[in-house]
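Student: Each chain, written out:
Number of protein chains: 4
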Amino acid sequence: MLVVMKAQATEEQVHSVCQKIEKLGYRAHPMPGATRTAIGITGNKGEVEQGTLEEMPGVQEVIQVSKPYKLVSRDTKLDNTVIRFPGTAATIGGPGLTIVAGPCAIESREQAFIVAERVHRAGAQFFRGGAYKPRTSPYAFQGLGLDALKIMAEIRDKFGLRIVTEAIDNETLELVAEWADVIQIGARNMQNFSLLKHAGRLRKPVLLKRGLSATLDEFLMAAEYVMSEGNYEVILCERGVRTFTDHTRNTLDLSIVPAVQRLSHLPILVDPSHGTGKRDHVLPMSRAAIAAGADGIIVEVHHQPDKALSDGAQSIYPNQFALMMDEIEQIASVVHRKLPRGLQMETGSADTHVAKAH
Amino acid sequence: MLVVMKAQATEEQVHSVCQKIEKLGYRAHPMPGATRTAIGITGNKGEVEQGTLEEMPGVQEVIQVSKPYKLVSRDTKLDNTVIRFPGTAATIGGPGLTIVAGPCAIESREQAFIVAERVHRAGAQFFRGGAYKPRTSPYAFQGLGLDALKIMAEIRDKFGLRIVTEAIDNETLELVAEWADVIQIGARNMQNFSLLKHAGRLRKPVLLKRGLSATLDEFLMAAEYVMSEGNYEVILCERGVRTFTDHTRNTLDLSIVPAVQRLSHLPILVDPSHGTGKRDHVLPMSRAAIAAGADGIIVEVHHQPDKALSDGAQSIYPNQFALMMDEIEQIASVVHRKLPRGLQMETGSADTHVAKAH
Amino acid sequence: MLVVMKAQATEEQVHSVCQKIEKLGYRAHPMPGATRTAIGITGNKGEVEQGTLEEMPGVQEVIQVSKPYKLVSRDTKLDNTVIRFPGTAATIGGPGLTIVAGPCAIESREQAFIVAERVHRAGAQFFRGGAYKPRTSPYAFQGLGLDALKIMAEIRDKFGLRIVTEAIDNETLELVAEWADVIQIGARNMQNFSLLKHAGRLRKPVLLKRGLSATLDEFLMAAEYVMSEGNYEVILCERGVRTFTDHTRNTLDLSIVPAVQRLSHLPILVDPSHGTGKRDHVLPMSRAAIAAGADGIIVEVHHQPDKALSDGAQSIYPNQFALMMDEIEQIASVVHRKLPRGLQMETGSADTHVAKAH
Amino acid sequence: MLVVMKAQATEEQVHSVCQKIEKLGYRAHPMPGATRTAIGITGNKGEVEQGTLEEMPGVQEVIQVSKPYKLVSRDTKLDNTVIRFPGTAATIGGPGLTIVAGPCAIESREQAFIVAERVHRAGAQFFRGGAYKPRTSPYAFQGLGLDALKIMAEIRDKFGLRIVTEAIDNETLELVAEWADVIQIGARNMQNFSLLKHAGRLRKPVLLKRGLSATLDEFLMAAEYVMSEGNYEVILCERGVRTFTDHTRNTLDLSIVPAVQRLSHLPILVDPSHGTGKRDHVLPMSRAAIAAGADGIIVEVHHQPDKALSDGAQSIYPNQFALMMDEIEQIASVVHRKLPRGLQMETGSADTHVAKAH
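Protein chains in written order, with my numbering: chain A, 4 to 361; chain B, 4 to 361; chain C, 4 to 361; chain D, 4 to 361.
Hints may contain errors.
What the hints assert, rightly or not - Covered by chain C, according to a simulated footprint, are these stretches of chain A (three or more residues, beta-carbon under 8 Å):
1. 7-18
2. 30-36
3. 186-199
Simulated from the structure, these hints should not be mistaken for laboratory data.
Keep in mind it's a predicted model, so treat the numbers as computed, not measured.
Glycine included, C-beta positions come from ideal geometry on N, C-alpha and C.
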């Protein structure tokens, strides 16, 4: 931390601030400059409460320096975290790109199977589908709940797809952890610290979506919450942030991809569906995400988006998804990645999956 | 809802869109204009999934018109909601201004009582103090929990102050509802719909803070979640939103006060502490909030902010709070309100306060 | 400036960074901490190009500390700047509040005189009216130009009101400086550095509106541009910034008032008309601005807003303006200010102003 | 335009609004719905002043529907605008991607030539370099002015590169138009309407950068300003917008690329240098921009960024630029574009480049 003194600050004021710092148990490093003095602080383990110092006579400003996260940081772990799924070749964070696809919400067994068959055929390794839907309106469709979880378990058995679905509170967290392969925590719950801690006590990978107005530090701190409880398999996901723009539902902040990769060892996916809210933006932004270096894509696919019970406007058609896969495959090599869609077919036509216990 | 056709849209395309609308069970109102045709839609109860129409040939844009909220709306209830607290003269939403004051977190019985005594003496009717603290870092102080709730119950008994404190999940919600007078739902949980629904099933007033990037509609819809479960005593609270500015912790959006009052019958308070994050901004913005027409203030007060375990930098001193009360009292009359600080003494546990003249 | 090293940075890397700093002509202050080393830099006059250091091995981050502005700063001049207008009692930045009122645009001599008469009668000391209008659309009304300037000069002669109007480029700047008393530079031109420099060479007060996405530092630096050319009479004006919110045209950031007053000696006004874009928000936010400590208000008034050629929706009626003056007067005393509307009448009923040449 | 009435609006109120609309010269289309009535308006040429209607009794809200731009719209011109440069194969907006590269500012003849030689060798068709620099601080380097323009003219002669440089006011506009091939108008001047109009009277292509907080509509309207004066060769450029994020200097909004392409026939480039402000983000975001479908890239390149007089931290090295070109070339085919770097050699001042193999 750094305390910047005012230009007119007296020597006594500088001295008092240094004394205060030492009294708080830290070490003060005064640095007299041409126009003013700055005082460095070391020895603090976490945040120093800056109000203490900010209000002292002669102080202009107090600046936080140290980053508060630990377990998510490359300072702690240099190598990329790679999440594996026993019994499959699918990984998240490895050299192979991760593709998660499926409808916004599970609406029926039939709908889910139609979409699953199509995305599996096109090469997705993960299936997404909402069982519990956080909706802005209490009067909107809220998801099929446990029935949806069971339908997705059948989809795993039949197609070998790993299942990603959202938990919205501590109750649904238990159920999702029981039935799915990856627990999604949605953007609106990114700072639901109670939910993060509970998820941290489980031993299932957690896909954590960036909050609508989360800074990079807050996003990483939310992951730190999960990790601080002992669950180290966290996947970050950029899904657009809220800005003044009105041509898309959210503003997809792709530059967080290299920023995360510089600071953290955790994998990061991109969601171009929520990130734009518009079907005709999904393919361009999927390509852009892979080109920017993301570890993969999570995308909404629906065979009849005009009948979807939620988010129809941003869901792509299965044939668009197949085209997206082709385009991503071409871009993958530019960023020294692979799209491992062949692998899954080798390991899993349906019959070979039968024995897989979950 | 309104569908705007492209300038080049053909008559058939317009016709197809109208047919689609009718098929969805609504009524279509085509309006041919000089350069293009727009089609109004009526008969929809909630949102029409706009993706359906947006993707049809010839369609330029689809615009939502109807507001999705009902119970929060002045369309449903013209008169202001006034929340009363039996056994006291304190109200929220009535002609008397509501002042909620206290430390960010309950740190000890002693600290809580010192602050409570001071804010009570200066005329506050409500005491706030965090028992469960949502903190950005998992390593930061998380609150005293049940012990804090019990301390605050003692404060209610001793000073007659009504207690406002935050619930952070469904578990703590039960406890807060049992021990406090007003359940606070924090900004980070504004769209924790599970929590909102559970709060809606209780019969205690809910103080709902605006999310960091919540639009007015989303804010009102969050209140609608609570009300849709049968709890009609919801208090809105502006506490600053996240913008590009860096001179304050958040940007206090005071103009939401008249905006809420136009659309809704619910009371709205302002939190200048979180709204600015800086002690020397709290008084100016408290005055501004009352001048803008807010129903009251919720403010952090600490007798030793430099030793506070959280948010010390934004807590004001008790004597600043007393000055704030004087200033607010003067502004109150300009907006045809009163600062009812005398009232509480009459009803309070009288014996301990008889002598207190103000 | 401060260089924060990575946790794994080697001693040689720290040493290299220090050498680089010294080579650039500054002084390096290494501060070894528990987990990492930070290096303070002093001796820099302006900004150090931080890219130089940011890219060196072992460097985590480079943080700017010194503020780049000088002449606008309270470090340079402790006392508030007060701008006086010879021949009147009107001031900007003194104990008396400054009220600037008038139509968005001068539309005709008749319209201008009607509004001027009304705002003068209610106690305004300054008259505003656009002669050159920056409009989003090239097809919208662009102002009457020189004719409008002449009409406003007549208004000054007749009512004793001082004239505030906007210059939009170097050409109109000359004309505005010739005919008006205060040169307004609009939000869209806040970083039109060519215009700022030209305005700095004139000797007329400059009212500088905050840009739609200007930080406090950028706002002050824009004022510094004007002052660096020798014109020290700069008036800052908050007029709302662009955020994600959609319930107002802009988000009025009133907390910049105390923030400016802490850092700078320059006066700051608030524009609730552009700041909200809605007539029914203008009065509440005017009251709030004065309560927050602003030096005054600049507000749009029109006797027939429904026929206004621009910004009708945000213009208040003359009787609303008179009510606003009453309310502001009551709030003024709370913030130890006065509303000097009596003064002007004493010094200037129309006849005494006749002789005043400009 | 659409007027939404309140739920409680009476029939007379609806009738009055319709009458008012007709009186304003438009046609009213009342649409009674289940809970409220909406009234469509047609026949308006430009914007209807919505304040007129918004304030009428019974009116809930007024919604603008028609887009105000004309010449920039695909409604007016379906085919993409392709800008050609006589004597070269370089185009902007055609099937070939456009690459503009060079230093932030021209610092010396030597520096400019070194960078120009390197970017030309790597295949750029356009050279950028600041002659007039808009700097946040009046004390920062402001550019070499005319000398820089002359240096760039020499670069055109020697390497066959077309020159892109910024004009900052009407005076420099004349000079830039005389010496350069493309006139850049910077983000801070995007709504300097005087400058836009003057640029519109010239017959040189205009590269218009998006303002820091410009919506898509405002961006297109700024282009409309240029076109409305008769200059139809406008190139749009996304360069990042201002948001709450702090991990990059600006937030690069790549999704504006497909949004522009849907609404307008104008070409759109992306500037990853200003768009991120960080060297290590430039390559990922350049790849992402091309993958998203942009017509090209404008990028800062410097051979000694640590000695650059401005924006060193975001300038890439020449060898990084060469790598970027290779990566872009691979992505180009995915989006059905070409990187025409071979072409220029054929047409360039051939003798000096014969030997250059790529």
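Student: Each hint should be assessed against the structure and marked as holding or not.
Tutor: Evaluated hints:
1. 7-18: holds (count 4)
2. 30-36: holds (count 4)
3. 186-199: violated (count 0)
The structure fails to meet hint 3 from the earlier list, while all remaining hints are met.
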